[in-house]
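> If you want the building blocks of each chain, they are given just below.
There are 2 protein chains.
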Amino acid sequence: MISIAILGHGVVGSGVAEVLLHNEKGITAKAGDKIRVTRILDLRSFPDLPYADLFTTNFDDILNDPDIRIVVETMGGLHPAYDFVKASLLAGKSVVTSNKELVAAKGDELLAIAKENNLNFLFEASVGGGIPILRPMDQCLAANEVFEVAGILNGTTNFMLTKMIREGMSFDGALALAQKLGYAERDPSADVEGHDACRKICILASLAFGKHVLPEEVHTEGITNLTEQDVAYAAACGGVIKLVGRATRTEDGHLFCYVAPMILPRDNLLADVNDVFNAIMVRGDSVGDVVFVGRGAGKLPTASAVVADVIDEVKHLKARKYLFWGPGEKGHVRDHRLAPTRLLLCFSCEEDAGALVQIGRMFGDVRMISIPDAPDNEVAFVTPCMPEYLLEEKIATFTGMTLTRRLRMY
Amino acid sequence: MISIAILGHGVVGSGVAEVLLHNEKGITAKAGDKIRVTRILDLRSFPDLPYADLFTTNFDDILNDPDIRIVVETMGGLHPAYDFVKASLLAGKSVVTSNKELVAAKGDELLAIAKENNLNFLFEASVGGGIPILRPMDQCLAANEVFEVAGILNGTTNFMLTKMIREGMSFDGALALAQKLGYAERDPSADVEGHDACRKICILASLAFGKHVLPEEVHTEGITNLTEQDVAYAAACGGVIKLVGRATRTEDGHLFCYVAPMILPRDNLLADVNDVFNAIMVRGDSVGDVVFVGRGAGKLPTASAVVADVIDEVKHLKARKYLFWGPGEKGHVRDHRLAPTRLLLCFSCEEDAGALVQIGRMFGDVRMISIPDAPDNEVAFVTPCMPEYLLEEKIATFTGMTLTRRLRMY
Numbered sequence: 001m002i003s004i005a006i007l008g009h010g011v012v013g014s015g016v017a018e019v020l021l022h023n024e025k026g027i028t029a030k031a032g033d034k035i036r037v038t039r040i041l042d043l044r045s046f047p048d049l050p051y052a053d054l055f056t057t058n059f060d061d062i063l064n065d066p067d068i069r070i071v072v073e074t075m076g077g078l079h080p081a082y083d084f085v086k087a088s089l090l091a092g093k094s095v096v097t098s099n100k101e102l103v104a105a106k107g108d109e110l111l112a113i114a115k116e117n118n119l120n121f122l123f124e125a126s127v128g129g130g131i132p133i134l135r136p137m138d139q140c141l142a143a144n145e146v147f148e149v150a151g152i153l154n155g156t157t158n159f160m161l162t163k164m165i166r167e168g169m170s171f172d173g174a175l176a177l178a179q180k181l182g183y184a185e186r187d188p189s190a191d192v193e194g195h196d197a198c199r200k201i202c203i204l205a206s207l208a209f210g211k212h213v214l215p216e217e218v219h220t221e222g223i224t225n226l227t228e229q230d231v232a233y234a235a236a237c238g239g240v241i242k243l244v245g246r247a248t249r250t251e252d253g254h255l256f257c258y259v260a261p262m263i264l265p266r267d268n269l270l271a272d273v274n275d276v277f278n279a280i281m282v283r284g285d286s287v288g289d290v291v292f293v294g295r296g297a298g299k300l301p302t303a304s305a306v307v308a309d310v311i312d313e314v315k316h317l318k319a320r321k322y323l324f325w326g327p328g329e330k331g332h333v334r335d336h337r338l339a340p341t342r343l344l345l346c347f348s349c350e351e352d353a354g355a356l357v358q359i360g361r362m363f364g365d366v367r368m369i370s371i372p373d374a375p376d377n378e379v380a381f382v383t384p385c386m387p388e389y390l391l392e393e394k395i396a397t398f399t400g401m402t403l404t405r406r407l408r409m410y
Numbered sequence: 001m002i003s004i005a006i007l008g009h010g011v012v013g014s015g016v017a018e019v020l021l022h023n024e025k026g027i028t029a030k031a032g033d034k035i036r037v038t039r040i041l042d043l044r045s046f047p048d049l050p051y052a053d054l055f056t057t058n059f060d061d062i063l064n065d066p067d068i069r070i071v072v073e074t075m076g077g078l079h080p081a082y083d084f085v086k087a088s089l090l091a092g093k094s095v096v097t098s099n100k101e102l103v104a105a106k107g108d109e110l111l112a113i114a115k116e117n118n119l120n121f122l123f124e125a126s127v128g129g130g131i132p133i134l135r136p137m138d139q140c141l142a143a144n145e146v147f148e149v150a151g152i153l154n155g156t157t158n159f160m161l162t163k164m165i166r167e168g169m170s171f172d173g174a175l176a177l178a179q180k181l182g183y184a185e186r187d188p189s190a191d192v193e194g195h196d197a198c199r200k201i202c203i204l205a206s207l208a209f210g211k212h213v214l215p216e217e218v219h220t221e222g223i224t225n226l227t228e229q230d231v232a233y234a235a236a237c238g239g240v241i242k243l244v245g246r247a248t249r250t251e252d253g254h255l256f257c258y259v260a261p262m263i264l265p266r267d268n269l270l271a272d273v274n275d276v277f278n279a280i281m282v283r284g285d286s287v288g289d290v291v292f293v294g295r296g297a298g299k300l301p302t303a304s305a306v307v308a309d310v311i312d313e314v315k316h317l318k319a320r321k322y323l324f325w326g327p328g329e330k331g332h333v334r335d336h337r338l339a340p341t342r343l344l345l346c347f348s349c350e351e352d353a354g355a356l357v358q359i360g361r362m363f364g365d366v367r368m369i370s371i372p373d374a375p376d377n378e379v380a381f382v383t384p385c386m387p388e389y390l391l392e393e394k395i396a397t398f399t400g401m402t403l404t405r406r407l408r409m410y
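These protein sequence lines are chains L and C, in that order.
No gaps in the numbering here: position 402 of the first sequence is 402 in the numbering used here, and each next residue is one more.
No gaps in the numbering here: position 124 of the second sequence is 124 in the numbering used here, and each next residue is one more.
Among the hints, erroneous ones may be present.
It does not matter which identical chain is used: a pair holds within one copy or between any two.
[What the hints assert, rightly or not] Below, simulated DSSO-like cross-link-like pairs (lysine-lysine); rule was C-alpha separation at most 27 Å, straight line:
1) Lys-106 x Lys-30
2) Lys-34 x Lys-115
3) Lys-115 x Lys-25
4) Lys-211 x Lys-25
5) Lys-115 x Lys-315
6) Lys-318 x Lys-30
7) Lys-115 x Lys-163
8) Lys-315 x Lys-30
9) Lys-34 x Lys-318
10) Lys-318 x Lys-115
11) Lys-315 x Lys-25
12) Lys-211 x Lys-30
Just so you know, these hints were derived from the structure itself, not from any lab.
These numbers were taken from a predicted model, which means no experiment stands behind them.
One chain only, chain L, in its complex shape (with noise of 0.2 Å):
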């Protein structure tokens, strides 16, 4: 019997003692060896559970019982989860975290001290939830060079998107019925603004080429901004908005990331990914595209990722296995205004200005794009491929032309 103990009983972790209740015994056949949550560290008490007497609000219960051979981490934020999660790998235990902010922000340097003691440090859960993502990448990476991973990797924001797209709503609509439905937190902003999903690109860029990407090193745009118009102006380029968290690599090795909201082709695997459906592409030069899907959040989703990645620990207590990136590096991850973009550009234009003049001066042949209701004065148009910074020069040169909106396209 392999003891375990979870820390934090919110969402997540009680979610991971149902899962192993439930299923136990598929889960005892599948791990070799019956797993049993001897511990759960959590400073409330629930004392009408069946499992109350397992509770203790002293991490050093758990810590300095050498039963313990798994801790599972699902208390999310950085510390104390951090800190316990790094004791316990110093103390001989592996560990298993569903903590995207915890990974994002110490990936490296854990993976590095559970790699030192030969232990093992997992994180499945930590982006796609339920999606089985980390590891099949680490499949497609063994015979691929990857060379681009981007996702839909927020529900929340998703769900909006989904209810602008096809209801017509607007973003304060879509976020209260978001609120409403219990897919978005009182306080939305690390959904709305992309940190979130900033986390989560960074788990998935230090996995695929290989050195730790720090959330601060990502330029991350979010979708407060998005109207009803932008939305008309994404169907009228034949497309549809998404929040995407994409990293690609550059021929000479580094990376370009970022999360913005994109303006998908139709045809693009990501662009049919509605609802709260987390979606990860990988680009391989040999496998293609390959494209997971499922709920990116959720109790039982999350916990039943957690749960594998348990098993697997389980199975794999004395060699260590998987997933592993070194440690950031100055550089690596270059200005994003360097990538080659489209953007989608509307300007309202004063009546003199000569705007397609302007814009045919300074790009030569562009799409330009029209919606139903857009005032006369407004010229909207898709531009060539080129670094944004060049984008910008270009466009500070119009005269009497005041930028009203602009959109990356994917």
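Starting from the structure of chain L, add chain C where the hints point.
What follows is chain C alone, placed relative to chain L:
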């Protein structure tokens, strides 16, 4: 250095050699050892290849070479592939295969031999080409009770159906185009009659539910009879026709397993998978629906999956791991006619048949469907959900009505 042999230098076998040579540095790093192809079995010779000296026409050269630890079988077909794979395992060599016919027919036996001899027998490429599916499914299975696996498992027919749906092509026109583009063979029967999809759902169902499912136990319908009118009826139902392989677990632990064209509702995650893409959906109690999408065939995607398996076997030469299922069992797969089903039925009706009265009397409230160009005497409706044999008994009582079309609803 680990020596491997390749059986069959066809599309996939030559792709394996290509991927191993092209990504050698990365592959060595991932496998932790250099992988070297030392023998290739093929009846043909390839004097112009840089590795022309590796070819042999005699399997014994491989079987009796103790240095060869891993045999890659990419010949296809049942014989002699089965004999060679079995002999290799009995001789202490691990095996990787891309051969779905072999795994669907003999998977349980070969897995058992591998287990007895503490070897690995991996076949990720046999389903979904380069899409990592078998191991992610194993991962899903670890912490979930899986009750359904379904997929678009054949890229050729999915390409053809996409052309029929989007461009109004006929079956013959779509087939001719698929052949012209090299997606369909000159004899397309394995694809269009559903046999290829059948083998793949056998492998998926065997893995998902633990007992071998043989192709002859799986009711298989192809797409050869589909017409433009079927496509139009599917659209009128709010769906699209896809060739689906599906295995569902019944409450008493048996299976329903079949391959058939089905009308998928537009919001089904498989409905938007088009062209030559494959997709596999796994439905688990905790994780919900998870879908894996990618190119299901082609030289390099398939080869990359084979190479990923080879790397995994190199890393686990001393320890068996992963996938396993037991032998089949009579009655494990139940007669598909017992499965609860909804059908779209069309009847050509005699003038005085009183079709609506007969239908109403037999089924109560049904959903009537019409398409613009239907003949005046055609009546179409979607049945309630009940076992197929019951539906058949009911419609056998109709008088003055001739069944002209019957499509399964997903």
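> Using 27 Å as the alpha-carbon threshold, which applies to Lys-115 and Lys-25: within, between, both, or neither?
between (31 Å within a copy, 23 Å between copies)
> Could you place Lys-315 and Lys-30 in one of the four classes (within, between, both, neither) given a Cα distance threshold of 27 Å?
The answer is both: 9 Å in one copy and 21 Å across copies each meet 27 Å.
> Checking an output row: Lys-315 and Lys-25, CA cutoff 27 Å. Within, between, both or neither?
The answer is within: 16 Å in one copy meets 27 Å, while 30 Å across copies does not.
> If the cut is 27 Å between Cα atoms, do Lys-318 and Lys-30 qualify within a copy, between copies, both or neither?
Answer is both; intra-copy 17 Å and inter-copy 20 Å each pass.
> Please work out whether the CA atoms of Lys-211 and Lys-30 approach to 27 Å or closer within one copy, between two copies, in both situations, or in neither?
between (33 Å within a copy, 15 Å between copies)
> As a check of your reading, is Lys-34 near Lys-318 (CA-CA no more than 27 Å) within one copy, between copies, both or neither?
This pair counts as both: shortest intra-copy Cα distance 17 Å, inter-copy 25 Å.
> Within a copy, between copies, both or neither: where do Lys-34 and Lys-115 come within 27 Å Cα-Cα?
Close inside one copy (25 Å) and across copies (22 Å); limit 27 Å.
> Quick one: Lys-115 to Lys-163, C-alpha cut-off 27 Å, is that within a copy, between copies, both, or neither?
neither (45 Å within a copy, 51 Å between copies)
> With identical chains, the pair Lys-106 and Lys-30 could be close in the same copy or across copies; at 27 Å between alpha carbons, which is it: within, between, both, or neither?
Answer is between: at 23 Å across copies they meet the 27 Å cutoff, but 31 Å inside does not.
> Measure nothing new, just compare the shortest in-copy and cross-copy C-alpha distances for Lys-318 and Lys-115 to 27 Å and report within, between, both or neither.
Both ways: Lys-318 and Lys-115 sit 12 Å apart in one copy and 21 Å across, limit 27 Å.
> Give the relationship of Lys-211 and Lys-25 under a CA distance limit of 27 Å: within one copy only, between copies only, both, or neither.
between (39 Å within a copy, 18 Å between copies)
> Between copies, within a copy, both or neither: which fits Lys-115 and Lys-315 at Cα up to 27 Å?
both (17 Å within a copy, 17 Å between copies)
The structure does not agree with numbered hint 7 stated previously, though it agrees with all others.
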